[in-house]
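Q: Chain residues, written in single-letter form:
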Amino acid sequence: MNHTPDTTTSAGNGGNGGNFDPQQAAALLDQTTQQARRKFEPYPPWLLVIRAVGVLVAFGTVWLSVRGQHPYKHPTAAAIPVVITFGVLNLVATVAVARRATAGVSGRTEPRWAEITVMVVVWVGLFAVMGALAGAGVSPAFVYGIYPATVPLMVTGLAWAGIMAARADWRACGAALAVAVVGAVAASAGPAGAWAVVGVGLFAVLLGTAAAIAWRQRA
Amino acid sequence: MADDVLDPLIHVPTRLKIVATLAALPDGDTLSFTRLQNMIGLTPGNLIIHLRKLEDAGYLSSKKTSNGTVSITTVALTGHGRAALGTYTQALRDLLGGL
Numbered sequence: 001m002n003h004t005p006d007t008t009t010s011a012g013n014g015g016n017g018g019n020f021d022p023q024q025a026a027a028l029l030d031q032t033t034q035q036a037r038r039k040f041e042p043y044p045p046w047l048l049v050i051r052a053v054g055v056l057v058a059f060g061t062v063w064l065s066v067r068g069q070h071p072y073k074h075p076t077a078a079a080i081p082v083v084i085t086f087g088v089l090n091l092v093a094t095v096a097v098a099r100r101a102t103a104g105v106s107g108r109t110e111p112r113w114a115e116i117t118v119m120v121v122v123w124v125g126l127f128a129v130m131g132a133l134a135g136a137g138v139s140p141a142f143v144y145g146i147y148p149a150t151v152p153l154m155v156t157g158l159a160w161a162g163i164m165a166a167r168a169d170w171r172a173c174g175a176a177l178a179v180a181v182v183g184a185v186a187a188s189a190g191p192a193g194a195w196a197v198v199g200v201g202l203f204a205v206l207l208g209t210a211a212a213i214a215w216r217q218r219a
Numbered sequence: 001m002a003d004d005v006l007d008p009l010i011h012v013p014t015r016l017k018i019v020a021t022l023a024a025l026p027d028g029d030t031l032s033f034t035r036l037q038n039m040i041g042l043t044p045g046n047l048i049i050h051l052r053k054l055e056d057a058g059y060l061s062s063k064k065t066s067n068g069t070v071s072i073t074t075v076a077l078t079g080h081g082r083a084a085l086g087t088y089t090q091a092l093r094d095l096l097g098g099l
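So the sequence lines, in the order shown, correspond to chains V and H.
Just so we're aligned, residue 1 is where the first sequence starts under the working numbering, counting upward by one.
Just so we're aligned, residue 1 is where the second sequence starts under the working numbering, counting upward by one.
If you're looking for bench data, these hints aren't it; they were derived computationally from the structure.
A quick note: this is a predicted structure, and the numbers were derived from the prediction, not measured.
Hints may contain errors.
[Stated by the list, open to error] Derived lysine-lysine pairs resembling DSS-like cross-links, with alpha carbons at most 25 angstroms apart:
| hint | chain 1 | residue 1 | chain 2 | residue 2 |
| --- | --- | --- | --- | --- |
| 1 | H | K63 | H | K53 |
| 2 | V | K39 | H | K63 |
| 3 | H | K64 | H | K53 |
| 4 | V | K39 | H | K64 |
[Unchecked claim] Restraint ranges, calculated between C-beta atoms of paired labels, are given here:
| hint | chain 1 | residue 1 | chain 2 | residue 2 | range |
| --- | --- | --- | --- | --- | --- |
| 5 | H | N38 | V | M119 | 27 to 35 angstroms |
| 6 | H | G86 | V | T85 | 44 to 52 angstroms |
| 7 | H | S66 | V | A93 | 27 to 35 angstroms |
| 8 | V | G68 | H | N38 | 53 to 61 angstroms |
| 9 | V | V124 | H | G97 | 52 to 60 angstroms |
| 10 | V | D21 | H | S66 | 40 to 48 angstroms |
| 11 | H | T34 | V | D169 | 24 to 32 angstroms |
| 12 | V | A204 | H | P44 | 40 to 48 angstroms |
Glycine included, every Cβ here is placed at the ideal spot set by N, Cα and C.
Please model the entire structure based on the sequences and the hints provided.
A: The following block contains the structure:
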């Protein structure tokens with residue numbers, strides 16, 4: 001698989017393979033398939049690895065800011081900018097990379113407005129519920145600890161898994177379910193521990209997904 | 001010998017690249033002519049000739065849509081084309097004793 005034949009053979013050659021031997025064909029097929037898969041991939045492994053590190057840093061920062069609180073109050077003001085910066089950079093990078101990968105592609109791969117709307121409604125609803133819980137006087141350990149660290153992962157993970165199952169994208173569906181499981185496991189780690197479990201759990205899920213995508217691209 | 005078992009429509013470097021590129025998309029997805037041209041690196045005229053041969057054989061389908069000012073041509077591998085690539089890949093494996 002190391003020699004790539006000239007691929008600019010004239011179209012006017014009558015369509016004959018000429019001296020295009022099977023070994024060259026196999027090499028070209030292998031190379032073209034891998035290149036195309038890489039170019040069409042909206043979540044390339046390198047982006048997922050960067051995201052994994054970002055998640056670890058963001059959630060780790062929050063955990064460091066709350067681990068010494070007895071009783072638990074909320075993440076400190078110093079930790080919030082780290083989380084917001086990560087969230088914005090992640091969103092911008094994800095949208096830019098996905099747009100580039102899916103440029104000119106129509107059909108199943110294309111993001112659908114209904115799906116985007118569902119996810120926006122889910123996120124807005126999650127923060128509305130958080131505001132309502134805070135207003136109702138629920139303990140800070142839940143409102144500013146367990147709830148924001150775990151419930152968004154469980155709800156959005158399950159919602160995204162449903163959307164991906166409808167698309168028959170089982171790899172993405174599995175990754176989304178893994179995110180929901182991380183949220184569920186973290187919920188039992190207490191308000192401070194939940195941030196650490198989520199950070200490590202998402203780091204592992206993202207690295208696993210990156211490895212699965214890289215393996216598929218080379219298969 | 002190889003020419004007897006390898007589909008002559010696919011066993012041409014440019015057409016093999018076209019079919020392999022389209023096969024990397026999920027079943028049912030289409031690709032714009034412009035993006036395909038950028039990925040394959042052919043002139044529009046050359047690409048059209050190869051696409052026509054594949055379309056005539058039923059290996060791919062093309063569709064032209066227009067929104068009044070801009071027209072976009074999209075192409076997709078058909079089920080027949082996907083099956084033909086599968087058969088071609090298997091024939092290559094058999095010839096080479098496994099890829």
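Q: Does each hint hold? Answer for all of them.
A: Hint-by-hint comparison with the structure:
1. Between the alpha carbons of K63(H) and K53(H) the distance comes to roughly 15 angstroms, so the proposed pair stays at or under 25 angstroms and holds.
2. Proposed proximity of K39(V) and K63(H) is supported: the alpha carbons are some 23 angstroms apart, at most 25 angstroms.
3. Of the supplied pair hints, the one linking K64(H) and K53(H) holds, its CA atoms being roughly 17 angstroms apart against a limit of 25 angstroms.
4. Taking the CA atoms of K39(V) and K64(H), the gap is about 24 angstroms. The hint holds against a cut of 25 angstroms.
5. Distance hint check for N38(H) and M119(V): the Cβ-Cβ separation is about 30 angstroms, which falls inside the suggested range of 27 to 35 angstroms.
6. As the Cβ distance of G86(H) to T85(V) is approximately 47 angstroms, the hint placing it in 44 to 52 angstroms holds.
7. In this structure the supplied range 27 to 35 angstroms holds for S66(H) paired with A93(V), their Cβ-Cβ distance being about 34 angstroms.
8. Between G68(V) and N38(H) the beta carbons are some 55 angstroms apart, a value that agrees with the proposed interval 53 to 61 angstroms.
9. Evaluation of the 52 to 60 angstroms hint for V124(V) and G97(H) yields a pass: the beta carbon distance comes to about 58 angstroms.
10. Separation of D21(V) from S66(H) is about 43 angstroms and conforms to the stated range, judged on CB atoms against 40 to 48 angstroms.
11. A hinted range of 24 to 32 angstroms for the beta carbons of T34(H) and D169(V) is consistent with their spacing of about 26 angstroms.
12. Judged by the Cβ atoms, the range 40 to 48 angstroms given for A204(V) and P44(H) holds: they are separated by roughly 47 angstroms.
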